[in-house]
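One line per chain: the protein sequences are V and U, in this order.
Heads up: the first sequence begins at 1 in the numbering used here, then just goes up one per residue.
Heads up: the second sequence begins at 582 in the numbering used here, then just goes up one per residue.
Since the hints were derived computationally from the structure, they do not count as laboratory data.
Just so you know, these numbers come straight off a predicted model, no measurement behind them.
Backbone N, C-alpha and C fix where the C-beta goes; we use that ideal spot for every residue, glycine too.
Listed next, the stretches of chain U that the computed footprint assigns to chain V, with coverage defined by at least 3 CB atoms under 8 Å from CB atoms of chain V: (1) 630-639; (2) 661-668; (3) 681-693.
Now the in silico label distances, taken between C-beta atoms and shown as ranges: (4) V:Val388 x U:Glu708: 48 to 54 Å; (5) U:Pro674 x V:Ser414: 29 to 35 Å; (6) V:Pro197 x U:Gly907: 50 to 56 Å; (7) V:Asp73 x U:Phe594: 51 to 57 Å; (8) U:Asp781 x V:Ile34: 49 to 55 Å.
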Amino acid sequence: MSTAQLRPPPAHTPPSPVKRPRRRWLSTNASHYILWALALLVIVGSVIPVVAAAVWSTPLYESGGHLTWDNFDALLTDRDWWTAVTNSILFAALNTAGSLLVGVTCALFLTRTDVPGRRVLTTFLLVPIALPGLVLIIGWAAMWTPAGFASSWLEANTVLSMPVDLYSIPGMAMVAMSVASPTVFLLCRGTLLSIDPSLEDAARTSGASPLRSLLSVSLPLMRPAITNAALLVFALSMEVLGLPLILGFSNKISLISTYLYDHWVNESQQGLVSAGAVFLLITVSALLVLRNRLVGDTARFTTTTGKPTGVRVLKLGPARWFTAAAIAFFLLVFVAVPLAGVFLAAFTSILSPFISPWSVLTFSNFSAVFENPLYTDSIVNSLLIATVGGALTTLAIAVLSVIAHRSRFRFRGSLQQGMLWPRMMPALVTGMAFFWSFALLDRSGAIRASLWGIGIAFAVRSLALGYSAFYPALAGIGADLDNAARTSGATWWTAMRTVVLRLVAPAMGASFVLLFVAMLNDAEPAVFLVTDETPVLGLTMLQLAATSIGGTVAALGVIQMVITLVVLGAGRALLGVRPRA
Amino acid sequence: MPSLQLNKLTKQFAEHTALHEVSLTVRDGEIFTLLGPSGCGKSTTLWSIAGLHRPDSGSIAFGDRVVFDHGHVNIEPEHRNCGVVFQSYAIWPHLSVAANVGYPLKLRKTPKAERDRRVREVLELVELGRHADRYPHELSGGQQQRVALARALAHPPDLLLLDEPFSNLDAKLRDRSRQWLKTLQSQVGVTTVFVTHDQDEALSVSDRVAVMDQGKVRQVGTPTEIYEHPADLFVADFVGTANILAATVVEADGAHAVLRVDGVGEPLKVPHTDRRLGPVRICIRPENIEIQRGGGDVRRPHHTLTAKVDNQAYLGDHYRYTIRIGGTPVIVTTTRPAATGELTVSLPPDDIRVFHEEADSNEENHHAPVH
Ligand SMILES: Nc1ncnc2c1ncn2[C@@H]1O[C@H](COP(=O)(O)OP(=O)(O)O)[C@@H](O)[C@H]1O
Ligand SMILES: [Mg+2]
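Just chain V, same shape as in the assembly (with noise of 0.2 Å):
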């Protein structure tokens, strides 16, 4: 008797009237108009003002003014500016160099042999990218400078010493190998793990030693890995400000980004920067936009089978315990040394290699950040950015990924493009890209007086990592389920509400974890947007590094550090999150 009900009405009975499309306040389709228009306002459009504060003669919150091209005669006409774009690009090489010889090795070694303690010796190995990119150069500037803790003990105790001073660009080099080495280390041990097997089977079975095998069939399939790396760490190298503020500034060694920030900071001279941010946003774009030429041509060289099973570990015989020593020892000086140095600086009233730290142990380092405004509104500022900067860009990223890769919206590549770009911007132009536009759009200053700026600038930076994060889950939706929603009946807009973000929530969530943590140790966006009401903590840090390293920066590091870690661990334990390069 069911089906009787079932059964459509006979044919004579008039057809119950059509349902007309009910009339919306807005159609989908206009509605993905105004949000791509949106969003490629905020992310690509806010460059403008700075191409445009590079050639205009006044600073653009001025009235009158003319376009002119003296902001970039200054610039190149300036011997420092030379001076630092030297510089810049030796430190970026050296770096480069360096954290592809140690990543590369390490990622050979680490998961194609049977090193002893492969899996600790990877987890140290990884443990400078979970963190926050300063806590490690706070540990550094504690331990290894001439003066530092590590160093000193080790000319006062032993024969040995630290042969490199921190405070040159081979120094700088070397504090950045310890952050770029594991980045380099991931993007290969990916491709690593990925090439069949068979491939070097076959190399075997023509007669090939097993190292002889992994060395003329595998490292040549790990070159466009190599390339997309160095690529990437040389023009992250181009941009980085922290790290040449906090060692190289006041030993006069300026790179492109201190030039930058101290011009701007103590100078003023806002269109002779914007011109050097044209310029170095230029050159960063250029080397990211090669890098991704070729890793678009990896998929040739990619022989993914998806799982990576079956990964031949190859026998050194008693070199094994030889290379976990090396690996270890570098780790050690790299990595532990520093983080040892942070706890030591933030637990100690003074710290030197004289006095042993257990008799000068003191939590005032903490009391003193707790006691200072500018500290704990720093850490309340950045909590907040970090939780609903985090949670909005979470939501920002979703529906613009969903109208990207799930509508039939006609510019939706460029909104796929859109979402990457930010990853091209030179932090320092981001924060720029944002004081000129709030300059220009906002002229009573109340985006910038409150967090939305510093916010809407974080958010921004972010965007790539989160889109980079979430997008693979929302691949891994089957178009058949969205579609089956919509033709239940399901406007586009329901069917990704119901169904698409449904699915992918626990992506989501991944999402919020890492820009979260990326929202609340950013600085250098900040340099350009702070005013005296809106600090944040990873800005204050900087510039209380830039100065001095002393307890209270150890004690924000180890803070800073330890949210990160619970936050991450917290993310990892529940949604699978594993940091990203």
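Given chain V, put chain U with the ligands in place with the hints provided.
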């Protein structure tokens, strides 16, 4: 329940033309099958009907309601009121069976009590009443497929669209599901478009079949028409097994033609409406070739031939022999075993179909089904 009209539907993907002026009429309440090899444009057609693809030109109407007309009308999929069963089933993993089936009703703001009643009713119909509270991952493939069907029937739809719904099931279950679907469809009476690449499936469930190839419709007809009077060599070859031989028409009067078949001694007189002479291809089904048994004395039809058996196989319910006629391998099937070594066969003229060789694009016009 409206009928469905597709008129000169064309769809291009980059350089590739997926649909080439496809015109079809699906009658009220029938099961209409789109049959063709993979990649021929079946899903594209179905998705265009559902509104998930936007054709480049042409029009689509459900009864007198135009849902797509190039440049004028393009009703969104949510307003077309189709029920679609996807090849992947596309059951939402985060919703229970009942919530999956209730989703279309919820969107139509059906009151909760009525919605629950209707969900129960549809689930009973697909024999899943006891599984309403389960989640999709707790169901077998066949059950998931029925959930998808229940969801497609819930609203209830004006048109049921099924895209290779049984292709992920094992052979036995597939066969059962076909019969079950056919019964269910006749009970519900909803106009149904069914997509498959499996000719057995098409012949067994359909009221009418459209055979497609490379974005074009080659023939539309009942399963019998398609099988017994294929419009062209493609259809003959794709639907069932066909032996295709080279031949020459030496006489043709518009009702019959006299053929010389390579490897067959005497000419054959077969029914054929075309008057053209010259080289042709003929087609005959393996089960239509008659095996002459018995002693050498028995009077045989005058057009028999004897050939060596190249290959033989026993397939449980029938035997299959491969012989050669004029160098071309020919398959003969029979339910009773025949002598090994040599086989004497005859080609019954009534079962022979004749195809002139010509440009691809005109075939369907010249070879309208003979009936
Ligand atoms: N989204 C798409 N983009 C490009 N080509 C497509 C797309 N969808 C289908 N095609 C192509 O159109 C042709 C018909 O596809 P389809 O309708 O899926 O075939 P099938 O008959 O197997 O269902 C195929 O050649 C396929 O490669
Ligand atoms: Mg298909």
